[in-house]
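Residue numbers (numbering that gives the first Met the number 0), protein chains in the order written: chain A, 0 to 331; chain B, 0 to 268.
Treat the hints with care, as some may be off.
[To be verified] Once the Cα atoms are required to be at most 30 Å apart in a straight line, the calculated DSS-like pairs of lysine-lysine come out as: (1) Lys57/B <-> Lys205/B; (2) Lys47/A <-> Lys162/B; (3) Lys162/B <-> Lys113/B; (4) Lys146/A <-> Lys20/B; (5) Lys327/A <-> Lys242/B; (6) Lys235/A <-> Lys242/B; (7) Lys160/B <-> Lys72/A; (8) Lys152/B <-> Lys264/A; (9) Lys239/B <-> Lys163/A; (10) Lys35/B <-> Lys204/B; (11) Lys191/A <-> Lys55/B; (12) Lys163/A <-> Lys264/A; (13) Lys242/B <-> Lys297/A; (14) Lys230/B <-> Lys132/A; (15) Lys251/A <-> Lys228/A; (16) Lys112/B <-> Lys191/A; (17) Lys72/A <-> Lys162/B; (18) Lys35/B <-> Lys305/A; (19) Lys297/A <-> Lys327/A; (20) Lys151/B <-> Lys72/A; (21) Lys113/B <-> Lys191/A; (22) Lys191/A <-> Lys85/A; (23) Lys146/A <-> Lys242/B; (24) Lys61/B <-> Lys189/A; (25) Lys151/B <-> Lys112/B; (26) Lys290/A <-> Lys20/B; (27) Lys16/A <-> Lys72/A; (28) Lys163/A <-> Lys233/B; (29) Lys228/A <-> Lys266/B; (30) Lys191/A <-> Lys53/B; (31) Lys266/B <-> Lys206/A; (32) Lys261/B <-> Lys206/A; (33) Lys189/A <-> Lys53/B; (34) Lys36/A <-> Lys233/B.
[Said to hold, decoys possible] Restraint ranges, calculated between C-beta atoms of paired labels, are given here: (35) Leu195/A <-> Ala58/B: 27 to 33 Å; (36) Leu195/A <-> Val209/B: 40 to 46 Å; (37) Gly170/B <-> Pro19/A: 14 to 20 Å; (38) Pro19/A <-> Lys211/B: 44 to 50 Å; (39) Ala126/A <-> Thr18/B: 29 to 35 Å; (40) Lys211/B <-> Ala169/A: 54 to 60 Å.
These aren't lab readings, by the way, just hints derived from the structure by calculation.
Don't be surprised by glycine CBs; every beta carbon is placed ideally from N, CA and C.
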Amino acid sequence: MADNKGILVVGEVAEGKLLPITAEILGAGRRLADELKEQVTCILIGEKIGDAGKAAVAAGADKVLVADNAQLKAYENGIYMQVMEKAVAEVAPRIILMGQSANGRDLAPRLAFKLGVGAVMDCLELAIDPATKSMHCTRPVYGGNAKAIFTSEGFPQIATVRVKASSPIAPDAGRAGDVIAFAVALDAAKIKAKVLETVKEEVAGIKIEDATVVIAGGRGVGGPEPFQKELAELAKVLKGAVGASRPPCDNKWVPDSIQVGLTGKIIAPELYIAIGISGSSQHMSGCSGAKCIVAINKDPEANIFKEARFGVVGDWKVMVPAFTAKVKELVQ
Amino acid sequence: MNMIVCCKQVLDPEAAPSTFKLDAANNRMVQPPEIKPVVNPYDEQAVEAALRIKDKDKAANKITIISLGNNLARDVVKKPLSMGADELILLEDPAFEGGDSFAVASALAAAIKKVGQFDLIFCGRQESEWDDGQVGSGLAELLGIPSVTIAKKAEVMDGGKVKVERIVADGYQVLEVSTPALITVSNELGEARYATLKGIMAASKKQPVVWKPADIGMDAGKVGAAARKSKIVKLFQPVKEGKCDIVSADSPAEAASLLAQKLRENKVI
Ligand SMILES: Cc1cc2nc3c(=O)[nH]c(=O)nc-3n(C[C@H](O)[C@H](O)[C@H](O)COP(=O)(O)OP(=O)(O)OC[C@H]3O[C@@H](n4cnc5c(N)ncnc54)[C@H](O)[C@@H]3O)c2cc1C
Ligand SMILES: Nc1ncnc2c1ncn2[C@@H]1O[C@H](COP(=O)(O)O)[C@@H](O)[C@H]1O
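Same shape as in the complex, but just chain A (with noise of 0.2 Å):
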C-alpha cells in the first residue's frame, strides 16, 4: 500500500460539539500533513453531529466526512468499525489517528488487528522520518517509567495520542475545506454487542479535566472524609477541583471519575497539590504536565518529592488546615 496518503483523523463528538482531544489530534495531524505536504481528512461518526464538521476544519482538517446516523448514536467497535473499515478503504489513508480515549483505546486495536497492521498507542509525540517517510511514535512504557520511540510496518500507520499531549492549531473559522455526508450500509447481522444504556456519573463543580488547581489525596489522607471537608475546602478557596490517586477510587473514598493518572485522568492544570500521594510513576503520568507540583507528605523519601516543584514534609491533618488558612489570607 505504498500510495497511502494523507492523514486520516478519527474525531469525536459529544452533543454537537467536536471533543477538545479531536482539536488537539487535528492540530497534530495538520503539522504530520503539512509536513509531508498531503491533506488531513476527518471522520466524525455519531448521531447529531451538527455543525462539528465545521469546527473540524477550522481546527485544521482539509476534508470532513461525516457518518451521522442513529444507529451509530453510542459507541460500539462492532459498528464503528463497519463504518472504519469503509472510510480507510475509500480515503487509503497513510496514517490514522485517534485520542487515546475510551473510544479510541478500543477502536485502534481492533482496526490494527483488522488491517494486520501495528498501532502504537498513548503516543506524546509524533514526527515523520525524513528518511523514509515512515511516522515515529514516542509514548511512556513500564508506567511512565520509560519512553519509548515506536514505528509501526506497513500502511496505514496508526497511533492513538495522549489527552493534552499535542496543542490544537488556533481554530480559523475562514479555513477551506469540504464537510461531505459518509453513508455506510450498516450490516445488523454482525452486531453482537448492543449498548443498553449510558449511565452519567457527573461530579459537582468542575470537572478536574478543566480545574487550574487540583487539590489531589492519596492513600494517605485515610478515608473519604477529608476529601469533603479539608480538601474540597481548599480546592474551594482556590477554585479549583478535588482529585484523586487510585487507591481512595478502589477504597470508594470518592468517585472513580476523579481519578488521575496513566489510567485515570491526564490533567495539565496550574497548580496540582498532591496530599499524601507517593508519586508512582503511574500516577505522575496523568499530572506531570500541571504547570506547578506541590507535594504535602510525610515521607520525605517519597517519590512526589522527585517531582514536586515545592514541598513540605509532615502530617497532612496539620499541614492541610494551616495551609488553607495561609492562602484564604493571601488570596482574599
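Based on the hints, put chain B with the ligands in the right spot on chain A.
Same frame as chain A, now just chain B with the ligands:
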C-alpha cells in the same frame, strides 16, 4: 461457561521507580533480583471477573489460564490457580520473547483455537510493562468475536448473553454481548480475592501444560520478536530534573503556612 483468562507475568509495577533500569541490549527494563515478578494486577482482576461467574455454579463453569513468556516463575503463574482457576497453560519458549501485542495476540489466538471450547475470554485492560492495551482487542479481532474493553462488571444473564459495564469518561455504558466474546477488565471491578491456603496447596500439586510454538502450529522463527508489527527505534529513561524546594520551619503548621507564602511569592497562587 468455558472461560479463558490471559495472564501475564510482569516486573513489579508497584516497586519504586528507582528500581527500574534499562537493559539497552534487549530493549527492555529490568529490576534487581530481590524484586519479584508478579501477575499483572489487571489480569488478577480478570481472573476475579471469571471467578465471580464461576462462584454462581462451580460445576458448570471452568476457568483456564494462559500465560505466554519465557522462564516463567511457577509460583507467580500459578497464582490464578490458587485463587480458584482450574487449568494453566503456559506458552513458554525463548522464541516467544521480545514480541509486541501483535506477536503475543497471534500466539494466544493460536493457543485458544487449540483449546477449542470457549465462551468467554478475559484479559486485563493493559499490562504494566508496555501499557499497550492492545492484546485483548487484537485477540478478539483474530478470533472474529466481539470485544468489550475496560469493563468494571460482567454478568452472565439468563439465556447466555453477557451484560457488561464498560467505563467511559463520565460514567459507563451497559452492553449486552453474545458469546463467544472477549472482555478486558479494569480495576474498577474491585479487588481480586486472595489465594486461600487450600487453593495454594491444590495449585502446588497441579502441573501446568506447556506448549512450544510447534504445539500451537507456529514456526519458532515467526513468533516473538520475529512477529512484531511495531519496531522499537529507541528506549530511554528520561532524566528528571528533580528540584523540589522543601519548605521547612519550626513546626509543621508553620511550614505549611510558609509554603503558602512561597507559592504567593512565586505567583503560583
Ligand atoms: C498498570 C497500572 C496502572 C495504574 N494507574 C494508576 C492511575 O491511573 N492513577 C494512580 O494514582 N495510580 C495508578 N496505579 C497505581 C499506582 O501504581 C500506585 O499504586 C498508586 O498511585 C499509589 O497511590 P498513593 O500514592 O495514593 O498511595 P501510596 O503509594 O500508598 O502512598 C501514600 C502516601 O501517603 C503518605 N502519607 C500517609 N499518611 C500520611 C499523612 N498522615 N500525611 C501525609 N502523608 C501521608 C505516605 O508517606 C505515602 O507516600 C496503576 C498501577 C498499575 C500497575
Ligand atoms: N504474555 C502474555 N501472556 C498472557 N496474557 C497476556 C500477555 N500479554 C498480554 N496479555 C493479556 O493482554 C492484556 C493486555 O496486554 P497489552 O496489550 O500488552 O497491554 C493483558 O492484561 C493480559 O490479559
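Hints numbered earlier in the text: which of these fail when held up against the supplied structure? Checked against the structure, no hint fails, so every one of them is satisfied.
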